[in-house]
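Join these two chains into a complex; the hints should help.
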Amino acid sequence: MLLILVLFCACDAATLTSPFLNYPNPFKTRDSKAGTTEGTYFAYGLSSATNIEIRIYMIDGTLVWKRSFLSTDPEGSAGYHEVFWDGALDTGASKRQYSGYILRETAPNGILLSFLIANGKVLAKNKITVFQ
Amino acid sequence: MKKILHAIFAFCLLSSAACAALIPDVSRFAVGARTVGLGRAFVGIADDANSIFYNPAGGGWAKTVSLVSTTTRLLDDTNVLSLAGMFPTHYGSVGFAYATYGISGSFVTYRDALGQVAVDSTREGMSFSGSSAILSFSSLPFISPFSPDVKATLGFNVKLFRQSLGGGTVGAASSSGIDIDGGLLIRPSEWLRIGFSALNMLPDSYNQIGGSNNWDSGEERKEGIENVIKTGIGLKIPSSMLPKGMGKELIIDADLDMFIAKPRPALLHIGTEWWPSDYLGLRMGLDQDVASAGQTDSMVVASSFTYGAGLKFSSFLFDYAFKPSSLTDANSHYFSISYLIPTFSERQVIVALEPRDRTITYKPSVLLKAKSPSKVREVRVGGAAIKTLAGSFETVVDLSLGKNPIKMEGYDEKGANIASGECRVLRLAEFSDVPHQFWASDPISHMATLGIVSGFPDGTFKPQKGLTRAEMVTLLVRAKNTVLTKPSGNVFKDVRKEHWASQYIKASLNSNIVKGYPDGTFKPSAGLTRAEAVSVLVRFGDIREKETAASASYSDIASKHWAFRSISAARQAGLLSFIKESTFKPQRPITRAEACEMLSRIKFISGKIDQLLSFDIGY
Numbered sequence: 001m002l003l004i005l006v007l008f009c010a011c012d013a014a015t016l017t018s019p020f021l022n023y024p025n026p027f028k029t030r031d032s033k034a035g036t037t038e039g040t041y042f043a044y045g046l047s048s049a050t051n052i053e054i055r056i057y058m059i060d061g062t063l064v065w066k067r068s069f070l071s072t073d074p075e076g077s078a079g080y081h082e083v084f085w086d087g088a089l090d091t092g093a094s095k096r097q098y099s100g101y102i103l104r105e106t107a108p109n110g111i112l113l114s115f116l117i118a119n120g121k122v123l124a125k126n127k128i129t130v131f132q
Numbered sequence: 001m002k003k004i005l006h007a008i009f010a011f012c013l014l015s016s017a018a019c020a021a022l023i024p025d026v027s028r029f030a031v032g033a034r035t036v037g038l039g040r041a042f043v044g045i046a047d048d049a050n051s052i053f054y055n056p057a058g059g060g061w062a063k064t065v066s067l068v069s070t071t072t073r074l075l076d077d078t079n080v081l082s083l084a085g086m087f088p089t090h091y092g093s094v095g096f097a098y099a100t101y102g103i104s105g106s107f108v109t110y111r112d113a114l115g116q117v118a119v120d121s122t123r124e125g126m127s128f129s130g131s132s133a134i135l136s137f138s139s140l141p142f143i144s145p146f147s148p149d150v151k152a153t154l155g156f157n158v159k160l161f162r163q164s165l166g167g168g169t170v171g172a173a174s175s176s177g178i179d180i181d182g183g184l185l186i187r188p189s190e191w192l193r194i195g196f197s198a199l200n201m202l203p204d205s206y207n208q209i210g211g212s213n214n215w216d217s218g219e220e221r222k223e224g225i226e227n228v229i230k231t232g233i234g235l236k237i238p239s240s241m242l243p244k245g246m247g248k249e250l251i252i253d254a255d256l257d258m259f260i261a262k263p264r265p266a267l268l269h270i271g272t273e274w275w276p277s278d279y280l281g282l283r284m285g286l287d288q289d290v291a292s293a294g295q296t297d298s299m300v301v302a303s304s305f306t307y308g309a310g311l312k313f314s315s316f317l318f319d320y321a322f323k324p325s326s327l328t329d330a331n332s333h334y335f336s337i338s339y340l341i342p343t344f345s346e347r348q349v350i351v352a353l354e355p356r357d358r359t360i361t362y363k364p365s366v367l368l369k370a371k372s373p374s375k376v377r378e379v380r381v382g383g384a385a386i387k388t389l390a391g392s393f394e395t396v397v398d399l400s401l402g403k404n405p406i407k408m409e410g411y412d413e414k415g416a417n418i419a420s421g422e423c424r425v426l427r428l429a430e431f432s433d434v435p436h437q438f439w440a441s442d443p444i445s446h447m448a449t450l451g452i453v454s455g456f457p458d459g460t461f462k463p464q465k466g467l468t469r470a471e472m473v474t475l476l477v478r479a480k481n482t483v484l485t486k487p488s489g490n491v492f493k494d495v496r497k498e499h500w501a502s503q504y505i506k507a508s509l510n511s512n513i514v515k516g517y518p519d520g521t522f523k524p525s526a527g528l529t530r531a532e533a534v535s536v537l538v539r540f541g542d543i544r545e546k547e548t549a550a551s552a553s554y555s556d557i558a559s560k561h562w563a564f565r566s567i568s569a570a571r572q573a574g575l576l577s578f579i580k581e582s583t584f585k586p587q588r589p590i591t592r593a594e595a596c597e598m599l600s601r602i603k604f605i606s607g608k609i610d611q612l613l614s615f616d617i618g619y
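First to last, the sequence lines map onto chains A and B. Here the first sequence is numbered in the numbering used here, starting from 1 and rising by one per residue. Here the second sequence is numbered in the numbering used here, starting from 1 and rising by one per residue.
The following block holds chain B by itself, in its conformation from the complex (with noise of 0.2 angstroms):
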């Protein structure tokens, strides 16, 4: 991401170098109603057809169909008219803009006999149009490099500009150019977005590609086309967290504008909506732009408020904004009227009511109880075809350990397929001698549901029982998943290859967690005590003892006991938290229940409960 980032930003900076004219970017003044009356803050915001214009990023998100066409006339003579579109499908969102604006009643003019100006009546009149065309391409909302909870997406532009001028002594003249836009906008929670667009990036130096305005009469003259860097947050607030009749919704949005290839200020724009009701919203802005200060190179930043309203009826929306000007007669209106068609490809949504999704469960199986919107006659989950009746269905789905994604799938009565959900189950491995509230039930579940450690066949799971090298070396290799070769020949004097733990054993001695005997034997059936368990277990997840800390230990546990530094550092680490008394019982067989215990407090272990138990990770 940030290599795609620092492309972007280089090539921003080969953008128009070389043109000593710039044309305006439709993008900037053609915009709808809304984005103006926001004051121009629209790029962390991106939610309709607008965002095309700023951030193309914005239509992986839309859910439904929009078209937005505006209109306005700037300075009381510019007109101007544009026309946006927004598909969603299955891969992404496709777009499309075409933005016009045409002034004419420019005359020629002549010195009269008195050598003052005068208009030459004999010539018609010049005028001047321009157009610009945007087909848009948005990326469905992938999860982000950054988190697996923030979700994304990734948009682009390629613009076509047109101009024409003609009439006086112009005669007909025309030029055209190429451009593109990028952009991403992040979602890190249903309400916060951001957003970046790199608008124009080509350089106008290779015109082979595009970057720049080509005229193809007159004298040879290429112009710029205006590139910009604009980064914004949005902030889209529901009611359901806005306090108690403060109505549906709160927008706001604040954008800023770099010009990283010229010596321009950074641009503000900050705009909010307000909607007090379903029907009705209010809007207001700050728009920064670039003014002459009055003296040759010299330029100020010039700012002023917008507002604007939007009415909702249905489908369609209407929106006007008032852009004042400093010059009387001079203020912009803008008008647009969208319409949004519903459910165009919106997929409905089948919602699981027993078990309610992201549950954890002992069981087997579980009875699923959902309910499907009322056009789904038949929903399949895992391969089965259920029936629905009156919008809901039940039925048995078995569980295997660890993580269930249950996928139901709604078929019309056509068998189109138009409704999804999903219900997360996690089921946990249970023993019948470890009930739930045993204290050590939570680690001895999570391991066996993670294939560390398992039961008897009888279902039982000996918590009490003791641990025999053999078991202990079987558990640790397990944790690591380590590769498993069938040994050639014996692994050690008491351990022939046809020993149930041969291979676990000859594992650990090649990851060097235990050795044997310095007589060659290894004593597989000897049961551990608990400091040869804890010295084992601190080798095993590489467990320092912290130097600066004091000697912690027990009372039956002298700084000389050959186990001392590794109880300590596994102290230190938490592993023995389970021990409440103030001995340590150094000689006391270690159970099962205590292993597991301590096993599921190393590091890399506690990382694999963690994401057992997320249900953000592997659904």
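Isolated chain A, as found in the complex (with noise of 0.2 angstroms):
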């Protein structure tokens, strides 16, 4: 009975058919001030569909991205999926009005710690490089 369970949820968990990695790596953040969107790409492929997030932290443990989709969206179903990152950051000090422009905080030059998790349970981990 035990096998049986385990078996059954061997099955029900979503595996990657293709590696979690991000292209171009290194990249180009988004630059407000010279108007240029570079980004990164994350690749992925899931062999179900199931619940997922990506997150990407600081070396310093700071989670400043995260997008999170459903099974049932795009990004969630069995298949090759890309999912676009320009770089500014969610917790940075966005939309300051300078010199007349909007600022975004981007991420810094170095290498960033991002993660596939799928039902709260980390996929893969991926670090991906900032360099302007």
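Incorrect hints may have been included.
To be verified - Pair by pair, the computed Cβ-Cβ distance ranges are:
(1) A:P74 <-> B:D216: 38 to 48 angstroms
(2) B:P265 <-> A:L16: 30 to 40 angstroms
(3) B:T122 <-> A:F84: 24 to 34 angstroms
(4) B:K244 <-> A:L70: 56 to 66 angstroms
(5) B:V94 <-> A:D73: 54 to 64 angstroms
(6) B:M246 <-> A:L16: 49 to 59 angstroms
(7) B:L192 <-> A:F84: 51 to 61 angstroms
(8) A:L16 <-> B:N79: 24 to 34 angstroms
(9) A:D73 <-> B:S176: 37 to 47 angstroms
(10) B:L83 <-> A:P74: 43 to 53 angstroms
(11) A:F84 <-> B:L160: 34 to 44 angstroms
(12) B:N79 <-> A:L70: 29 to 39 angstroms
Everything labelled a hint here was simulated from the structure, so no lab data went into it. All C-beta atoms, glycine included, are put in the ideal place defined by N, C-alpha and C.
Now the structure itself:
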């Protein structure tokens, strides 16, 4: 009975059909001052539809960007997906009026940590590099 | 002090306003395990070398050299190592800190033939590292402008940041920046501390002097260094103040972080540390940080509990802290080892056994008995050298009237000054005919000690003797510390320039304290009645009758009496509280004792007496 339950759970959990990576890496963040947007795409493949979350942490452990998708969303369905990030931080001092244009805080040069989380469990980890 | 705080505040407003990216301050996450266990609440307590990171003013209170080394691994990937040291000197505390972090294993990616993202295995992985070197100084405790009983320290840091990024398609890039911190730590009492600090105060718009992290390759890039203003209240409760059986010490700290130049919420940090014994300390804290709320430009305050413990063995302290993460397998564990070098610069104390510190005496000398540390071979008291025997010594010390700070300096066999002590003794004036139980003995003694009144050469004061006009004028002029000038001619018809009180009478005329008679005389030898004395003292003390008060007077003082208003005002001001009868007896000659009593109750004279009796001023 226990074996059947374990097998059932194992079958239910989504797995990666292609690795959790970002492209390009390294990449340039969106630059409000220059008006350019490069950003990066998080790519991953899911074996089955599942609730997923992509999180980005600074190296000091601060959660600076997070997006959640349900299994019914295109990003949570089975198959290969890409999610775009422009490099702007949700936690940044955003929308500051400075010299006539809107300034959003972006990730500084360096390495940040990104996590792909499925149903609350870390499915994969990836290190992304920002370099202007 | 207000101006300094305003300047710091304005400076911080300028900070971090120009850069689109902010680098994390290593001071935020490279702190010791003890600090993390306290929920990163440390600005108020700031009592070990970790105070360099949070409140540089903490070092000024240090009595021992301390070194703290910390290591941790954040998100199971970023290695962090820090070392902080604090060295107390006779001029203040000098500190240093160095913190470094590093992460590697980020790979260059490309799109394969199917258009999917893959790792470019032909290129090396990329790595990122950073460091911060801090030089710190904190003043010795000084008396704060708020109160003579409140002491405070000021401290500041100069910080040098460096970062490097290399490998992959980056090549090799590095950056550097400079910033400063300021701190203030106030101790209103032994157990209460209030701290303020402003971290990374330099505005990043002036990169010539620092405030930003500047990259030397790639695109021209200037990144800000996150600035924050911290305030904290710390309680350090010793075992003597804890209920019996509640351990050796309890520490509580609550800090608030404010981001002046950024639209971020204030963050709270609360921590408590309990030492049930001398060897074991337990900690728990609440730590807050901002976190993404899952939408663009949306953040929440994320709270997490922290836990920690400390083990003390001799001069070593081992600390551990645990900070849980919302990610599985990403909890953070902090380990610190501290080394405290005991009594490196801590001066040993010589304790006066007799008389005790803060003693009041009437004697012209005291036999000082004191206990000195065992290594002290000679003690110098007021220039006299005394050999110590078995850690104690005694000597006779002559006292002058008023405050006597008896300083004791202890020297070892090599002549090095290794110990000191102080005994504060107040000697009050005493007269043979004024016993201590005499009703006016205190005001007479206080006024004589202050030099406002004086006795007679035979050691008496003659408290029941009447007061002449010349004597009263002399007393008032002395009370006001008026500058005396020798009169060039006669002051009055009956006050020749050779008269013993001519200088005082002239000064009182100039100050409008007294007037002469219409016939051009002063009658210096005439006795003063109570009514006359009260009238003069009310004018001297600028005492006004309260308009709303009922006429509080005596049965023998009719409202038509020439001194009625002065007597009423004096009674309302408490000058006449020594009169217990219902009559005032206005024609009765005023005595020296009564004059002292009334004068001692005039506001600015009572202020002088309060200062005389205070052991916190003038020693």
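Now the hints, each set against the structure:
no., hint, verdict
1, A:P74 <-> B:D216: 38 to 48 angstroms, "holds, 43 angstroms"
2, B:P265 <-> A:L16: 30 to 40 angstroms, "holds, 36 angstroms"
3, B:T122 <-> A:F84: 24 to 34 angstroms, "holds, 26 angstroms"
4, B:K244 <-> A:L70: 56 to 66 angstroms, "holds, 59 angstroms"
5, B:V94 <-> A:D73: 54 to 64 angstroms, "holds, 58 angstroms"
6, B:M246 <-> A:L16: 49 to 59 angstroms, "holds, 54 angstroms"
7, B:L192 <-> A:F84: 51 to 61 angstroms, "holds, 53 angstroms"
8, A:L16 <-> B:N79: 24 to 34 angstroms, "holds, 27 angstroms"
9, A:D73 <-> B:S176: 37 to 47 angstroms, "holds, 44 angstroms"
10, B:L83 <-> A:P74: 43 to 53 angstroms, "holds, 50 angstroms"
11, A:F84 <-> B:L160: 34 to 44 angstroms, "holds, 37 angstroms"
12, B:N79 <-> A:L70: 29 to 39 angstroms, "holds, 36 angstroms"
Comparing the model with each earlier hint shows no violations; every hint is respected.
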